[in-house]
Each structure stands twice: as structure tokens, then as C-alpha cells.
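Asker: Both chains are sitting in their own frames, so use the hints and assemble them into the complex.
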Amino acid sequence: MKRLLILGGGTAGTMVANRLVHELDMAEWQITVVDQDETHYYQPGFLFIPFGTYGKADVMRPKRDYLPREVEVIISEIRVIEPDKNQVQLVKENRTLSYDYLIVTTGSHIVPEETPGLMEDEWRKSIFDFYTPDGAVALHHFLRTWQGGRLVLNVAEMPIKCPVAPLEFLFLADAYFQERDMRDRVELIYATPLPGAFTKPIASQQLGNLLDAKNIKLVTDFNIGSVDNDKKVITSYDEQSVEFDLLVSIPTNMGSEVIERSDMGDDLNFVPTEKHTLKARDYDNVFVLGDATNLPSSKAGSVAHFQVDVFIENFMRYLDGLELLPTFDGHANCFIESGHGKGFLIDFNYDVEPLPGMFPMPGVGPFSLLKESRVNHWGKMMFRWTYWNVLLKGKEMPIPAQMSMAGKWQR
Amino acid sequence: MTTKELNVAVDAEGFMTDPSQWTPEIAEAMAAEEGIAPLNEKQWQVINWVRQEAASTGEFPSLRSISKRSGVDTKEIYELFPKGPAKKIARCAGYQKPKGCI
Chain A
1 MKRLLILGGG TAGTMVANRL VHELDMAEWQ ITVVDQDETH YYQPGFLFIP
51 FGTYGKADVM RPKRDYLPRE VEVIISEIRV IEPDKNQVQL VKENRTLSYD
101 YLIVTTGSHI VPEETPGLME DEWRKSIFDF YTPDGAVALH HFLRTWQGGR
151 LVLNVAEMPI KCPVAPLEFL FLADAYFQER DMRDRVELIY ATPLPGAFTK
201 PIASQQLGNL LDAKNIKLVT DFNIGSVDND KKVITSYDEQ SVEFDLLVSI
251 PTNMGSEVIE RSDMGDDLNF VPTEKHTLKA RDYDNVFVLG DATNLPSSKA
301 GSVAHFQVDV FIENFMRYLD GLELLPTFDG HANCFIESGH GKGFLIDFNY
351 DVEPLPGMFP MPGVGPFSLL KESRVNHWGK MMFRWTYWNV LLKGKEMPIP
401 AQMSMAGKWQ R
Chain B
412 MTTKELNVAV DAEGFMTDPS QWTPEIAEAM AAEEGIAPLN EKQWQVINWV
462 RQEAASTGEF PSLRSISKRS GVDTKEIYEL FPKGPAKKIA RCAGYQKPKG
512 CI
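So the sequences go chain by chain: A and B. Under our numbering, the first residue of the first sequence is numbered 1, with each subsequent residue one higher. Under our numbering, the first residue of the second sequence is numbered 412, with each subsequent residue one higher.
Keep in mind that a hint or two might mislead.
Stated by the list, open to error - Lysine to any residue pairs mimicking SDA-like chemistry, simulated, CA-CA at most 25 Å apart:
| no. | chain 1 | residue 1 | chain 2 | residue 2 |
| --- | --- | --- | --- | --- |
| 1 | A | K408 | A | L355 |
| 2 | A | K393 | A | R19 |
| 3 | A | K275 | B | A497 |
| 4 | A | K125 | A | H141 |
| 5 | B | K486 | A | D238 |
| 6 | A | K232 | A | R185 |
| 7 | A | K2 | A | M26 |
| 8 | B | K498 | A | D351 |
| 9 | B | K498 | A | S226 |
| 10 | A | K275 | B | G469 |
| 11 | A | K279 | B | T468 |
| 12 | A | K161 | A | R261 |
| 13 | A | K279 | B | A466 |
| 14 | B | K498 | B | E452 |
| 15 | A | K393 | A | E23 |
| 16 | A | K217 | A | H140 |
| 17 | A | K275 | A | D329 |
| 18 | A | K200 | B | R475 |
| 19 | B | K479 | A | D263 |
| 20 | A | K279 | A | S98 |
| 21 | B | K453 | A | Q240 |
| 22 | B | K498 | A | I202 |
| 23 | B | K486 | A | E157 |
| 24 | A | K275 | B | D429 |
| 25 | A | K217 | A | P195 |
| 26 | B | K498 | A | L268 |
| 27 | A | K279 | B | G469 |
| 28 | A | K217 | A | S236 |
| 29 | A | K275 | A | D351 |
| 30 | B | K494 | A | D212 |
| 31 | B | K479 | A | E113 |
| 32 | A | K2 | A | H22 |
| 33 | B | K494 | A | G208 |
| 34 | B | K508 | A | G225 |
| 35 | B | K453 | A | D238 |
| 36 | A | K393 | A | Y101 |
It is worth saying that the hints were derived from the structure and are not from the lab.
The shape of chain B in the complex, shown without the other chains (with noise of 0.2 Å):
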């Protein structure tokens, strides 16, 4: 299933407008998009840690606090979402574009 056949709505580059509609359907079909699906067990570790962080905070959380408490480090983080990871981790979680420093 592609995010369109799921009926997902998202905003102009393709990221999740609602978290609360997310489901795991939707974040294979997101990682199928980013070249990434199947995701596999440590991506799916990083993005459960992601999505109750999240929710717990919310905030969507930096790149340096997955890698230092969702128990994958950076260097890892990099292969499992290579070429722009907090983008791939933020699409396949269901939430938008982390916002960069003014």
C-alpha cells in the first residue's frame, strides 16, 4: 500500500499533518518512499522511542537526543535512514518536517 491508497494526509513534502492518525501501515509506506521498507527492527526501535517521546514531550525530538537515549546511536542511526535521517525518522513516525534554528 503507497501513503496515497492508504488515504494519508499530508502537507506539500509529504510529511504527516496529524500524528494522532498514524498507523504502522503508514510508516512502511512512508520507509517505501524514502527507499527504506522494509523497515527492520532497529528502525522500528527508533521510531516507537520517537513517537512515545513525542507524545510524552510534545516536541519532536533532535537528532542528538534519538541518539543518545532511544538506544541506537548516531553512526547507526545514519545507515538505518541514510541521506537525511531526521527528515526519514519524522515521515515515518507520522510527524512533520523538524523544524531548523532560525
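With the rest of the complex left out, here is chain A (with noise of 0.2 Å):
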């Protein structure tokens, strides 16, 4: 028998096992998928709850209901993975699991501990996240009693996961505070350690132009050096100083503990992967998936899925001996919720940009890129059915992998 080992059961790694069942003999391989949390969480769906749209239980399932039968499932913390031996030592009866072929999908989380004075006296009492379904459900109940004031967002640092997220929240906060008869009560400000309101040029134009007719203030290359809890400020590494009486924060994203004690990843705890091939950097029998990987291309679930899609045939190549394809190229589809159910599209890759145009997709497109639309919102609503049904299974989707120039406009 050939052992593959999974080790992180959520997005990345979920779909992965339920493509592998398929493409491999069942008979010849056995997969084992260890992860350290029960639960399955459909992140996109955080976003949603401080506003009241879902609560918690609208965003978890058993993960084991989502893995294959096929695969065998531990749910324990790793203690460490040991590359060089081809092994991984978890903490749950001190068991050693080796492995032929490894994928790493063990994602990333917030670490406010990174920023000093964020996890203090104000941590969710004026200051929250919304990353985490806690987090999301607490900022929730404040916001439910919430007079108006000064409503901060800020990025701590990129990489984040979800690049958009914070965008969306303000839109979203915008449309809320509005519904509630108190957006005169409530500015709403965004810090941001970029130089616009997104990751790339055109997208960041009309995304800003968004907050501006939101009446929403941008601060720029604010990179967040410390939060002084008791005259509630934040203040950047250059001395600038925001108030805020709510502060919404993205802490910084890191990948998982596990791969800094097994000494494999970056400053970051992400894992140097191979920009096309989603081949382990250093090792030649592991794979990196979803958020693990320190690539550049968007932390977020639509990735995660092209990946996969890519990695799959790649595999199947590497093991009858041929070599891995660069056919990885860094595509990301993202709807984006503006408030007032309306939302964006975009759809992009390492080298193309955002751009405006029409996105085709048979059965229910075409959605409108980059530019407001209600089929964008429901596009977003309609995808927590595809993620837990179509999506997570490996079923396949109206999307290729590779990202196509088909109805985007050139200039």
C-alpha cells in the first residue's frame, strides 16, 4: 500500500481527498487526512455574521460528513512533520504516521498577538475581529447596542486571507448603519498598510471611488506599529495616530504553529512552494494547498479550489514519472458584497489584473466584472449552497482553473 497523508481538513484539504478517492486505486492507496478541529467553518460566511445575516451555526458542519468515506480521519494536533524521514508525529497517543506522498493544507489564522496592545484591556469590548466565528458573533452583540462613533477597520499587515474582506465589511457596515437610521452617527475610516484600497491598480480606482461615494475615509500605508487601549488610538511605525471608539481589526495572518516547529516555512509560518507547481519547495514527495503556500497569489477558497483542479493532473503525471506542468497561474474569483444586495465580481491571476467586462458562466452568468450588480449578491448568497455541495465534494464547476480573457475588457 502507498500512504498519502493530508494533513489540514478544511477547504484546501477537503476538496483535495475527495478529487485523490476518485483518481486514485482505492485499492493500492491509503489516504489519511488528520486534523486538529472537529468542526468545518465556511469562512466566507464570517463576514456576514456581526451584521445579523447568518449566526454561527449557519456556518459549521462536521467535517467528517464532508470527507470521503474512503479516507481515514484523525483528529488530533500535530506535534511536528518530519520531511527528512518522510514522517509526522502527532500529539494524540503519540502516534507516528509515514507517509510516501505529503499535502500541506494546514491554511492560516489570525495572530493579534503580533500586534502589541491589541489583545489587551479594549479585546472585545471596543476592539474585535471578525476572522474567527467568536470574534464575529461578539462584534455581533456590540454592534446591536452600538450608539454610533468612530468606526475604524484596520489591515495589520498583508497577506491576509481574503483579500476583500475588509472592503466588504465597510460596504456592508455602511449599508447596516443605514438601515438603522444612524450612518450620521457612525464614521467610518479604513487604515490600510497598502497604498490604495486594494492589492492592484484598476480594481483599487473603482473600489476607492466606492468608499468615497460611501463617504468612507481611506488611510494609506498605515502599517499598525501598537494600539493604546486606554486613550484608544492606533498609531503606525511613522507616528501616525487614528482614534477610534470601534475598532474592527484583521490581525495579522499566519500560517500554522506546526510549521515553524517542523522548521519548514517562512517568517510567516508559510511554506515556500513552488509558484506553478504547488510543489514543496525544499521536498520533492510534498504538495502545498490553499493558504498554506507563501505564494502570491490570493489566500481564498476560489484559489484553493483552481489549485487543487491543477494539482490533481499534475500528480497523476508525477507519479507515472513525467514531469510536474507550470500550470498554475495564481487564478482568483472573488464576488465582493457592496451593501444594499448588490456586489462585485473580479477574476484574476498572478500577471492579469482585475479588469471590467463580463464574466461568462453557463446556467447562471454572465456576472458583470468589477462593477455593481444584484446578480453579484446573489451570486455570493448562492455560494454557501455550492461550497458545502458542489465545491467541498470535488464536484466539478462552471470554472475553469485557468483564468480566461473571455469577456474582460483591454484597454
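Answerer: Structure representation (C-alpha cells):
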């Protein structure tokens, strides 16, 4: 029997497990998935919890229900990965698992401790995150009785999971306060380390205009150094200060601590990965998918999906002794909620920034690109069903893995 | 000497296109254009560490790596290379604009 080990049963790990059981001869392969948590979270749903659209139960399902029957699932923390010995040590029962091939899908998570003062007296009193289910629920409780003031949304540093989420949060907040007849009592400020509203110029311009139209103030090049809990001020490394009544923080995002313990990562615990093949740079029988990579692609479910698509084809070649093809192009496809039942759609890769146009999708589309529409909002709301029933299960999605220029307007 | 007089090949944003052509004079010229010349000992410590790191890994290090491992902490880096340290360090060290994330 050949052994394949998948570390992490989140979005990427679940998708790849479901695809592999169909592609590999399960009489010859044993596949094991290890994860420390029994619950699968629909992470794109966290954004909607503070505004009461979703509750915690709407975004939680048992992991086991979405993993194929043919794979062994072990719920345990991972003590250390030893890629030189082709083995992984688990905390549970001190087990050691050996492997022929390893797939690292350990994801990323927020680390508020990285910013001095962020997790002190005001944490979950006037400082919240919405990247964890508990944080999003706590923020929802706070907002229900908030009388208004200065809401500052701060991104601590890049990269973050879902780089459009901060903008979506602000657009939804603007709509939420309008609906509660208190928009005039709320000042919305976006303090970002980026030089503009988004990472790419054309989208940055378009989304920047929308911030203006919604009266959301943009503070750029703001690299947070510390939080003063008494004065309720965030201060950047170059001594800019922004006062807040409510701070919604997207703290530093890092890869799993087990990557650090195993000495396999960079300074943010992301695993150095070959940009176009998804093989770990330093190991020939290790692949890295989803948020765990150090790649300059977005950390997002759509990206993990496209990665899994190209990985599966490449892995089958690899097992037959053929070389890996450079087929991963950094493709990402994201719906951006813009409030009042409307949304944007952006589609881009390593080389092509988000462009305006129309995005063809058989059956449901077309969706307008980089432009607000109601259809895009419904695309996003339908996506929760699609996520659980199509995407995770590795069924075919009507979007090609590699980005297409079809429908995009070029200058 | 300015980067023009030194005949340095740069891109549209003033970043060197070939790090192997770098010389200490170019670093001083870049620093002058960034308004931080002459470079002091600490600034050189950062630039030298970054060049060494980039040469050995093939990638320009992130600001986080620089502050963690060059021996100069984040706060000080912002004082030495104010307003956009990553960009200023990359220019002085002869590398291209650090790529953000998509």
C-alpha cells in the first residue's frame, strides 16, 4: 500500500481528499487526513455574522460529513512534521504516521498577539475581529446596542486571508447603519498598509471611488505598530495616529505553528512553494495547497479550488514519472459584497489584474466584472449552498482552473 | 553622482532592473533621490543584510524578515527609511519594487 497523508481538513484539504479518492486506485492507496478540529467552518460566511445575516450555526458543519468514506480521519494536533524522515508525529496517542506523499493544507489564521496592545483590556470590548466565529459573534452583540461613533477598520499587515473582506465589511457596515437610521452618527475609516483601497491598480481605483461615494475615509500606508487601550488610539510605525471608538481589526495572518515547529516555513510560517506547480520548494514528495503556501496568490477558497484542479492533473503525471507542468497561474475569483443587495465580481491571476467586463458562467451567469450588480450579490449568497454541496465534494464547477480573458475588457 | 550620471538601468518607477550591476555609489545615489543621503552605518547594515539575503534565497525579503533578522527592529527601520521603508530599501539595495500580494 502507498500512503498519502493530508495535513488539515479545511477547504483545500477536503477538496483534495474528495478528488483523490476518485483519481487513485483505492485498493493500492491509503489516504489519511489529520485535523485538530472536528468542525468545518464556512469562512466566507463570517463576514455576515456581525450584521446578523448569518448566525454561528449557519457556518458550521462536521468535517467528517464532507470527507470521503474511503479516507481515514484522525482528529489530533500535529506535534511535528519530519519531511527528511517522511513522517509526521501526532499528539494523540503519540502516534507516528509515515507517508510516501504529503499534502500540506494547514491553512492560515489570525495572530492578534503580533501587534502590541491589540489583545489587552479593550479586546472584545471595543476591539473586535471577524476572522473567527467567536469574534464575529462578539462583534454582532456589540453592534446591536452601539450608539455610533468612529469605527476604524484596520488591516495589520499583508498578506491576509480574503483580501477583499475588509472592503466588504465596510460596505456592509455602511448599509447596516443606514438601515438602522444611524449612518450620520457613524464615521467609517479604513486604515490599510496598502497604498490604495486594494492590491491592484484598476480595482483599487474603482473600489476607492466606491469608498468615496459611501463616505468611507481611506488612510493608506498605515502600518500598525501598537494599540493604546486607554486613549483608544492605533499608532503606526511612522507615528501616524488614528483614534477609534470601535476598532475592527484584521490582525496579522500566519500559517500554522506546526510549520514553525517543523522548521518548514518563512517568517510568517508559510511554506515555500513552487509558484506554478505547488510542490514544496525543498521537498520532492510534499505539495502545499490553499492558504498554507507562501505564494503571491490570494488566500481564498476559490484559489484553493483552482489549485486543487491543477494539482490533481499534475500529481497523476508525477506518479507516472512525468515532470510537473507549470499550470497554476494564480487564478482567483471573488464576489465582493457592496451592500444593499448588490455586489461585484473580480477574476484575476498572477499576471492579469482584475478588469471590467462580463464573466461567462453557463447556467447562472453572466456576471458583470468589477461593477456593482444585484446578480453578483445573489451569486455570493448562492455560493454557501454551492460550497457545501459542490465545491467541497470535488464535483465539477463551471469555472476553468486557469483564468480566461473571455469577456474581459482590455485597454 | 546621480543615478543618471552613473548610467544605471532603471524601470519606470526608478528601481534597478539588474541587481548584479549594483555598486555602493548607486546606493548613495538612490538614497539621495529618496532624500535619505548620506547613508549612515545602520542604514548600510540593513542594505547589506538585504542584499546578502536576496542573493542567497533568490527573493527580496519582506519587511517582517528584515526587522526580525537584520538586527534592526521595525521601529528603527521606519526611522531610517521613513514613509515606505520597503520601497526605499529595495531601491538602495538595487532590487525591483517588492511585489505586494494579489
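Asker: Evaluate each hint against the coordinates.
Answerer: Verification of the supplied hints:
1. K408/A to L355/A: holds (6 Å)
2. K393/A to R19/A: holds (8 Å)
3. K275/A to A497/B: OK: K275/A and A497/B at ~22 Å, within 25 Å.
4. K125/A to H141/A: Measuring from Cα to Cα gives roughly 10 Å; hence the hint holds.
5. K486/B to D238/A: This hinted pair holds, its Cα atoms lying about 8 Å apart.
6. K232/A to R185/A: Since the Cα atoms of K232/A and R185/A sit roughly 18 Å apart, the hinted pair holds (cutoff 25 Å).
7. K2/A to M26/A: Holds. K2/A to M26/A sits at ~10 Å (cutoff 25 Å).
8. K498/B to D351/A: Given that 25 Å is the threshold and the Cα spacing comes to 21 Å, the pair holds.
9. K498/B to S226/A: holds (22 Å)
10. K275/A to G469/B: holds (13 Å)
11. K279/A to T468/B: holds (17 Å)
12. K161/A to R261/A: Since the Cα atoms of K161/A and R261/A sit roughly 22 Å apart, the hinted pair holds (cutoff 25 Å).
13. K279/A to A466/B: holds (22 Å)
14. K498/B to E452/B: Holds: K498/B and E452/B sit about 19 Å apart, inside 25 Å.
15. K393/A to E23/A: holds (14 Å)
16. K217/A to H140/A: holds (23 Å)
17. K275/A to D329/A: holds (8 Å)
18. K200/A to R475/B: At roughly 22 Å apart (the allowed maximum being 25 Å), R475/B and K200/A satisfy the hint.
19. K479/B to D263/A: Between K479/B and D263/A the Cα gap is close to 16 Å, so the pair holds against 25 Å.
20. K279/A to S98/A: Between K279/A and S98/A the Cα gap is close to 19 Å, so the pair holds against 25 Å.
21. K453/B to Q240/A: holds (23 Å)
22. K498/B to I202/A: holds (21 Å)
23. K486/B to E157/A: holds (15 Å)
24. K275/A to D429/B: Distance ~22 Å between K275/A and D429/B Cα, so the pair holds.
25. K217/A to P195/A: holds (14 Å)
26. K498/B to L268/A: holds (20 Å)
27. K279/A to G469/B: holds (17 Å)
28. K217/A to S236/A: Status holds; Cα separation ~17 Å.
29. K275/A to D351/A: The given pair, whose Cα atoms are some 12 Å apart, holds under the 25 Å limit.
30. K494/B to D212/A: Between K494/B and D212/A the Cα gap is close to 24 Å, so the pair holds against 25 Å.
31. K479/B to E113/A: holds (16 Å)
32. K2/A to H22/A: Holds, because 16 Å separates the two Cα atoms, which is no more than 25 Å.
33. K494/B to G208/A: Holds. K494/B to G208/A sits at ~21 Å (cutoff 25 Å).
34. K508/B to G225/A: holds (23 Å)
35. K453/B to D238/A: Holds, at about 17 Å.
36. K393/A to Y101/A: It holds: about 22 Å lies between the C-alpha atoms, which stays within 25 Å.
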